[in-house]
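**Student:** Here are the chains, one letter per residue:
There are 2 protein chains.
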Amino acid sequence: MSMLNETHDPALRSWVDSAQREGTDFPIQNLPFASFRRRGRGEGWRGGVAIGDAIVDLAALHRVHPFEGQAAEALAVAAEPQLNALMALGPAHWSALRLALSRALRTGSPLRALVEPCLLPQSEAEYGLPARIGDYTDFYTSIHHATNIGRLFRPDQPLLPNYKWVPIGYHGRSSSVGVSPQRFHRPCGQIKTPDAAAPVLAPSRRLDIELELGVFIGPGNALGEPIPVAEAESHVFGLVLLNDWSARDIQAWEYQPLGPFLAKNFATTVSPWVVTLEALAPYRVPFERPADDPPPLPYLDDAARRDRAAFDIQLTIGWQTAQMHAHGQPEHVVAQTNYRYAYWAVAQMVAHHTVNGCNLQPGDLLGTGTLSGPEPHQAAAFIELTAGGKQPLTLPSGEQRTFLEDGDTVVLRGWCQAPGWARIGFGECRGTVLPARAPAV
Amino acid sequence: MSMLNETHDPALRSWVDSAQREGTDFPIQNLPFASFRRRGRGEGWRGGVAIGDAIVDLAALHRVHPFEGQAAEALAVAAEPQLNALMALGPAHWSALRLALSRALRTGSPLRALVEPCLLPQSEAEYGLPARIGDYTDFYTSIHHATNIGRLFRPDQPLLPNYKWVPIGYHGRSSSVGVSPQRFHRPCGQIKTPDAAAPVLAPSRRLDIELELGVFIGPGNALGEPIPVAEAESHVFGLVLLNDWSARDIQAWEYQPLGPFLAKNFATTVSPWVVTLEALAPYRVPFERPADDPPPLPYLDDAARRDRAAFDIQLTIGWQTAQMHAHGQPEHVVAQTNYRYAYWAVAQMVAHHTVNGCNLQPGDLLGTGTLSGPEPHQAAAFIELTAGGKQPLTLPSGEQRTFLEDGDTVVLRGWCQAPGWARIGFGECRGTVLPARAPAV
Chain W
1012 MSMLNETHDP ALRSWVDSAQ REGTDFPIQN LPFASFRRRG RGEGWRGGVA
1062 IGDAIVDLAA LHRVHPFEGQ AAEALAVAAE PQLNALMALG PAHWSALRLA
1112 LSRALRTGSP LRALVEPCLL PQSEAEYGLP ARIGDYTDFY TSIHHATNIG
1162 RLFRPDQPLL PNYKWVPIGY HGRSSSVGVS PQRFHRPCGQ IKTPDAAAPV
1212 LAPSRRLDIE LELGVFIGPG NALGEPIPVA EAESHVFGLV LLNDWSARDI
1262 QAWEYQPLGP FLAKNFATTV SPWVVTLEAL APYRVPFERP ADDPPPLPYL
1312 DDAARRDRAA FDIQLTIGWQ TAQMHAHGQP EHVVAQTNYR YAYWAVAQMV
1362 AHHTVNGCNL QPGDLLGTGT LSGPEPHQAA AFIELTAGGK QPLTLPSGEQ
1412 RTFLEDGDTV VLRGWCQAPG WARIGFGECR GTVLPARAPA V
Chain C
1012 MSMLNETHDP ALRSWVDSAQ REGTDFPIQN LPFASFRRRG RGEGWRGGVA
1062 IGDAIVDLAA LHRVHPFEGQ AAEALAVAAE PQLNALMALG PAHWSALRLA
1112 LSRALRTGSP LRALVEPCLL PQSEAEYGLP ARIGDYTDFY TSIHHATNIG
1162 RLFRPDQPLL PNYKWVPIGY HGRSSSVGVS PQRFHRPCGQ IKTPDAAAPV
1212 LAPSRRLDIE LELGVFIGPG NALGEPIPVA EAESHVFGLV LLNDWSARDI
1262 QAWEYQPLGP FLAKNFATTV SPWVVTLEAL APYRVPFERP ADDPPPLPYL
1312 DDAARRDRAA FDIQLTIGWQ TAQMHAHGQP EHVVAQTNYR YAYWAVAQMV
1362 AHHTVNGCNL QPGDLLGTGT LSGPEPHQAA AFIELTAGGK QPLTLPSGEQ
1412 RTFLEDGDTV VLRGWCQAPG WARIGFGECR GTVLPARAPA V
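Going down the list, the sequences are from chains W and C. Residue numbers 1012 to 1452, in my numbering, belong to the letters of the first sequence in order. Residue numbers 1012 to 1452, in my numbering, belong to the letters of the second sequence in order.
Incorrect hints may have been included.
As the list makes no split between identical chains, a pair holds if one copy fits it or if it spans any two.
List of simulated lysine to aspartate or glutamate pairs, EDC-like, C-alpha gap at most 20 Å [as the list claims (entries may be wrong)]:
hint: 1; residue 1: Lys1175; residue 2: Glu1135
hint: 2; residue 1: Lys1175; residue 2: Glu1410
hint: 3; residue 1: Lys1175; residue 2: Asp1313
hint: 4; residue 1: Lys1203; residue 2: Asp1304
hint: 5; residue 1: Lys1401; residue 2: Glu1135
hint: 6; residue 1: Lys1175; residue 2: Glu1033
hint: 7; residue 1: Lys1175; residue 2: Glu1127
hint: 8; residue 1: Lys1203; residue 2: Glu1244
hint: 9; residue 1: Lys1175; residue 2: Glu1416
hint: 10; residue 1: Lys1401; residue 2: Glu1299
hint: 11; residue 1: Lys1175; residue 2: Glu1084
hint: 12; residue 1: Lys1203; residue 2: Glu1127
hint: 13; residue 1: Lys1175; residue 2: Glu1079
hint: 14; residue 1: Lys1401; residue 2: Glu1386
Simulated from the structure, these hints should not be mistaken for laboratory data. All of these numbers come straight from a predicted model, not from anything done at the bench.
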C-alpha cells in the first residue's frame, strides 16, 4: 500500500490553483485528512481533505456520491465527525479514496463540477481532533534524545542497557490531547529544588516542549493477537506533528519509580492534518543503525523494509514571544531536525506494542518521542537546546529564553522535500502558554 | 453525600429473600451498579443493581417509570448499556436513585409489584465493563508495597524520597481492561536474565498479580481546572476490585527510565459491581499516618475528612490451580489485607491527578496500586508473598507456586463488615491464565 503509484506523480496538477503554489504543504500529491468545521456557524464536525489553501468537505462530497466501490465506502465514513471509522477500514480503502480524490482534483477532471461546490477555504475552518483517541502511547525512539536527556539525569550512564533492544514506550494521557492551535495554562505541581527540605506546590518554572511525530492507528488487533512487524504498517493510517509539553521541574521530582505523570498530562498538542503513509512513500529512506549495534530481535526486524523503514521528514521548532507577536514578528526557528534520525521505526513501535497481546484500536495515538538529531542544533526539546537551562537562547527580539514564559507560542512544522518529487507538508502544530491559575487548595 | 442516612440502616429488610442470606455481598444496604445482559440471548447491555442473588434490570425498571425527579433522571441514564452518563450526573442524582431503589426493595414496599418483574437471577447474567474507560491511571498508594518492591529493586533505598509527598501514579492502558471473569494468554516479551548477554522474546516466567481497588470517576473537570481536595469525593462514583496482572521479568528489563509498559498492558481485570462511596459510608476510618511523617501539602489535605478518609475494606487473594479446579477444590486464600493501610486517600488521588489541570472524564478508572499491608501475609502481589520468587507457597493440593502457571485462576474478594452494620461486599474479581501463544515474528 505504500508503494509509488500515479498519485505520487510530481507532474500532477490540480484545478485548485493554490495547490500549485510554491511551498504549499498541500499539493495534489499529499491529500491529508482532518476533522473540521467552519468557525462560528454552529456547524457539525466532518472529515475534510486539504488541497492547496482549500478543504474538500467530505460530508458535502459524500452527498453528491461521486465515487464507487471502496472509494465510496471510505468516503461515506470519512464524512463522519471524526475519522475513526475511516481509520478502521484499512489500506485498500484508504488507497481507493486517495486515488479517487486525486483523479477528481486533477486538471481536466470531469468531476470538477461536482467537487468544486464542496470546497471551502482553510481560512474559515477550525479543526477538531482527527479521531477519538482511545489510548495514547508515547515512545522514546530517538537515541540522541535518550542520550542527551540521560546525560542530564544520569551522567555516568546516559544510555540505559535496554535502549538498543527495546523500543521504550509508556502510556500517556488521552483526555488532554488537543488540536492546534491549543492554548493552555502553565501547570502547577510539586516542585522540590535540590537545596529545599520539602517540595512546594507552584507553577512550573521549567516548562518545555518535545517535538515529536504522532502516529494514528488504523485497524486494531484483538486482545491477545500480536501484530507481526511485516504487517504493522497496514495498521497505521498516518502521521501528524505532536508537541509533548513537559514540565521538567515537576518531572524531576515525580518520575521515580513509575515514569512521568503530571509533568506531561496537562496538555499534548497535535497538528490537525493527518498525512497518510501512502503520501509519504516517495520519502522513505533506510534506517542508519550503526554496524556494531545489536540487530533487532526477529519480532522487530522487518527484513523486507529495512531499506525504507525510515522517513525523510524535515522538522522545525519555532519560538515566538508575546513581544514578538505584538510587533508582528513571526516565530523564530530555534532547532531543525529530521525523523530519519529515529532509532526505531513506526512498524517496530506497532509490533513491540502488541507483542504481549496488547490491543490497539482505530484512532489510538502513538508518539515517536522527542526527535532530536545527532547535532546540537537538532535537539528537539529546550532542555537539550539550552544545556539543561544553563545556556539561554537569544531571540530576534533580543529576549533570552531557556524555558517557556507566559504568552510564548511554539510552532512545530514538518515537510518532505526532495528533487523530483512534490513537497509533502504537515502544516503546523501551534500552542501558547497562558499564565498559571491559582492552585486549588 | 457520603454521610449516613436511612439507606444504611442495618435493620432494613428486602422482599428479595436472598438479600437477607448470611454472608451475602449484596444486602439492601449495598445496591452496587453494573452493566449486564443475560447470557446467550442476543440481548443488549444495560445497567443493573445487585440485590441478594438477583439483579434489578434498570432498563426494564425505567420502562415502568416507578420514580420521579432526580431518581427518575438517574434511572433513565442508568438503563443505558454503560454507566458513563449515570456517573456524569453526580452525587445528588446517585443518592436519589439509591434512596428510591432502597425504598422500592424494602419489605412492604408498595412498588414491589412494579419492581419484581424487573428482577433477574445473577446466575443467568454476564457482565460488561461498567463504563467506557477513557483513561486509566494506576497509583501506588500502599507504602508497604512501595517499600517491599523497592527493597527488591533497590536494596539500598527501598522507599524513594518523593513517596511521602507525592501520590505516585502513572498512566495505564485502558483498551485491555476487562471484566471478571477474564481469561487471557500469558504474555510474551523481551526478557533478559542477569547472566544473559542479550534479551530473548519469550513467554513471561514471572507472571504475577496486584490486588488493587479501582475507582470509577463521576463528573469530570475541564482541562485547566483542578479539583480541590475538599470536593474530590463528589467526583467519585464508586469502587471495584482490580487485578493489575504484571509480568515481572518483562518489567525488570523494560521499566527504566519511563516505567512499566508491556509488563502490565496485556490485561487488567475489574469486578463487575461498582460499590458506591455512599454504600461504604459506615466503613470510613481515619488514616493512620505516622506522626513523624510530613503532613500532606495543603492541596492534598482534606482537613474536614481527616478522621474518615480511609475505608475499612477487607481484601483477599485466592489461588486455584487447574488441578484444584479439576478436583472441585475452591481457590485457596493466600493473602489477606485491608484498604485502610493505604497511604493516600481516594480524594488525594483525584486532587493530585488534576492539580496540574489534567482533565478527568466520567468513567475514567483510577487504580489504587497494590494494597499490601504491614504484615508479610498482607502482601498483595506474589513477588512480595514469595520473597521475589524464592519462597514458594504450598497450596492445599500439595502443589507449590511462586508465580502463575498456565491454567491458574486468581480470585480477589473484598467486603466490609463490622458489628452493627450490614455487610457490604464487592463480589469477586476472577481471572485465568491461558498458555502463551507462539510469538508473532
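**Student:** What are the numbers of the hints the structure violates, in ascending order?
**Tutor:** Hints 1, 2, 5, 6, 7, 8, 9, 10, 11, 12, 13 contradicted; others consistent.
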